[in-house]
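Take these sequences, add in the hints, and give me the full structure.
Protein chains in written order, with our numbering: chain A, 1 to 185; chain B, 1001 to 1478.
Among the clues, some could well be false.
[Stated by the list, open to error] Straight-line C-alpha distance at most 30 Å; calculated DSSO-like pairs for lysine-lysine:
| id | chain 1 | residue 1 | chain 2 | residue 2 |
| --- | --- | --- | --- | --- |
| 1 | B | 1220 | A | 55 |
| 2 | B | 1220 | A | 32 |
| 3 | A | 55 | A | 32 |
| 4 | B | 1039 | B | 1289 |
| 5 | A | 32 | A | 59 |
| 6 | B | 1220 | A | 59 |
| 7 | B | 1307 | B | 1289 |
| 8 | A | 179 | A | 59 |
| 9 | A | 179 | B | 1220 |
| 10 | A | 55 | A | 34 |
| 11 | B | 1220 | A | 34 |
| 12 | A | 32 | A | 179 |
| 13 | A | 55 | A | 179 |
| 14 | A | 34 | A | 59 |
| 15 | A | 34 | A | 179 |
[As the list claims (entries may be wrong)] Distance windows between CB atoms, simulated:
| id | chain 1 | residue 1 | chain 2 | residue 2 | range |
| --- | --- | --- | --- | --- | --- |
| 16 | A | 179 | B | 1315 | 55 to 63 Å |
| 17 | A | 133 | B | 1081 | 47 to 55 Å |
| 18 | A | 87 | B | 1262 | 26 to 34 Å |
| 19 | B | 1420 | A | 99 | 42 to 50 Å |
| 20 | B | 1210 | A | 7 | 26 to 34 Å |
| 21 | B | 1255 | A | 87 | 54 to 62 Å |
| 22 | A | 60 | B | 1343 | 54 to 62 Å |
No lab work stands behind these hints, which were simulated from the structure alone. All residues carry an ideal CB built from backbone N, CA and C; glycine is no exception.
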Amino acid sequence: MSETAASIDDRHLYGLVAEFESVEELEHAAEKAKSAGYEAMDAYTPYPVEGLDEKLGMKPTRLGWVVLLAGITGAILGFGMQWYSNVVFYPLNIGGKPLNSWPMFIVITFEMTVLLSAFTAGLFMLGRNGLPRPYHSIFNTPGFDRATRDRFFLCIETRDERFDRDGTRRFLEDQSPVKVSEVER
Amino acid sequence: MAVQAGRGGLIETNRVIGRGQTSQGIDDVVNTPVLSDVKRTPLWWWIGFGISLSLLGVYLISVVVLITTGTGVWGNNQPVAWGMPIINFVWWIGIGHAGTLISAALLLFRQPWRTSINRFAEAMTIFAVVVAGLYPILHLGRPWLFYWLLPYPNTYGLFPQFRSPLDWDLFAISTYASVSVLFWFIGLIPDLATLRDRTDNRFQRILYATLALGWNGSAKAWQRYQRAYLLLAALSFPLVLSVHSTIAMDFAVSQVPGWNNTIMPPYFVAGAVFAGFAMVLILAIPLRKALHLEQLITKRHLDNAAKLMLATGLIVVYGYAVELFDAWYSGVEFEKYMAYNRVLGADHWWAFWLLIAANGVAIQPLWFRSVRQSPLALFIISIIVSIGMWLERFVIVAVTLTKDFLLSSWGDYVSTFWDWSLYIGSFGLFGTLFFLFIRLLPSIATTEMKELAHHDAHHGSDSFEEARERYYGEEARA
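The structure is reproduced here in structure tokens:
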């Protein structure tokens, strides 16, 4: 059940990873780990699992607020650009319209709002997830290629205060995983 | 494999996803053709790609001739200054609406059937927008100066004319194109990671690992990912509606009888969704057969797409009626003559009646379930609709301009060889990109399908499906 990889010394240990066959087993183990007091842990799944972040004790993301700010910035920039060029920089009488003919500026203002907020949403998500990132310790887990296929992994990292090489291994093995592996940093 | 025995012979499944699909199964069905060796690429792919590539050659020659000679090679002239380039631009960009609409709107409405068709529909959208976006640039006559439309610091001390719908177009289309690419790529990242982990080939491993950006599927990453994806969907939905509305305003803001009409934006958007779903069906029907995806793109998907096509088609027909009513009700002589010229005018009456036949009459069989579930019938209807939507733009753009205010400035529009070669060649550009897409990237969002399969198997989303099956009594009990 467990893999003997005693060659990894403590300094180079990233964490202990348990591999599960089903979402339910992973969710159960996550809840158990949370109530056992573990905090520095993460789960790796082939598809998003509803509510798993809460079970692992994660805070909600602030992405929405950042995107809102970006959208407001986009709207101000978009409208400001048109207002400045038509009212301040180069006032020109077009068909007797007022210089600040704001209804004509709505389309570009809208497009700029969407452009800035969409790219903020996408890039902020990638940036906060640390992507692009060619190397991550979790990829050293034996059989981790199935994390994008049909297996579910729970990793308790060594930086957790309660981490204890043997105790944590015993805890994970109690959650009926397929196997528990030690993962090199 | 893909069919089940039932009443009336062999009937394919009606469910959103075939019964008993597993993560491994979805993975293998979708990714095997992508990861297979070059030598094992099927013959149909080489034939399709070869034809597309030769048409792309036609496209490039037409562009070279256009740029070296000038826009005089086209049939555009006074009074019809907007001929085939603009007709084809509107046609292609209309097609480029269904993909983002499927991905964004159906995600927000929590429609599970979007999942298996969204990826290739988004790809279709992007390629159609690429093709469409090149038309207005080529139409400028001096395409190398297109950046004059952008607000950039320049020695002339000038800004573009922000009050002009033509500049709105630039912002709308470039925003739409870039946000669609972003939405598509973000959606692809977990699938690229799946490919990275499945392949044995060194070249593929480097390619997909680079594109996947190091995705590892951690719960925290998924949390941010899902929020970002939802926000992108919420932003894309109004964006889709704004793009074709803006294009409609290119027409509606002018004074030309038949263009200066408040119904144009919603009517154009409905037409775009209509044409877009027709193209989704034209691509989906052969694709599911060729890649053996019948358990993932089921008859239910075809049925739903056909329903949406019928609904938007009826909105478009309503638009035709309102246009004619407005012309009469306005009491404006020129508007009334425009309507008469479109419907009964000596030169182009056939175009109007053909488009009514294609967009109004040919979609009526879609009221019947048996037609909506027959891939062959849907394929034929979708092609007729695509032709009909081209004719609609022909009538709106070209026929309207032939006879407007002054008798002395009436004229006719005759397209030229280079008009047609550029149009036919544009299918080459679209086809080349699409064939490369289905060979190199998964045409179905495997990650989302796994989620759907999980829900399907565990969370009893079946009750509705089963009620549906009982009602229709078509699918045999396993």
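Here is how each hint holds up against the structure:
no.	hint	in the structure
1	B:1220 x A:55	11 Å, holds
2	B:1220 x A:32	18 Å, holds
3	A:55 x A:32	9 Å, holds
4	B:1039 x B:1289	21 Å, holds
5	A:32 x A:59	18 Å, holds
6	B:1220 x A:59	9 Å, holds
7	B:1307 x B:1289	21 Å, holds
8	A:179 x A:59	29 Å, holds
9	A:179 x B:1220	23 Å, holds
10	A:55 x A:34	7 Å, holds
11	B:1220 x A:34	15 Å, holds
12	A:32 x A:179	17 Å, holds
13	A:55 x A:179	21 Å, holds
14	A:34 x A:59	13 Å, holds
15	A:34 x A:179	20 Å, holds
16	A:179 x B:1315: 55 to 63 Å	57 Å, holds
17	A:133 x B:1081: 47 to 55 Å	53 Å, holds
18	A:87 x B:1262: 26 to 34 Å	28 Å, holds
19	B:1420 x A:99: 42 to 50 Å	45 Å, holds
20	B:1210 x A:7: 26 to 34 Å	31 Å, holds
21	B:1255 x A:87: 54 to 62 Å	26 Å, violated
22	A:60 x B:1343: 54 to 62 Å	58 Å, holds
Violated hint: 21 only; the structure is consistent with all others.
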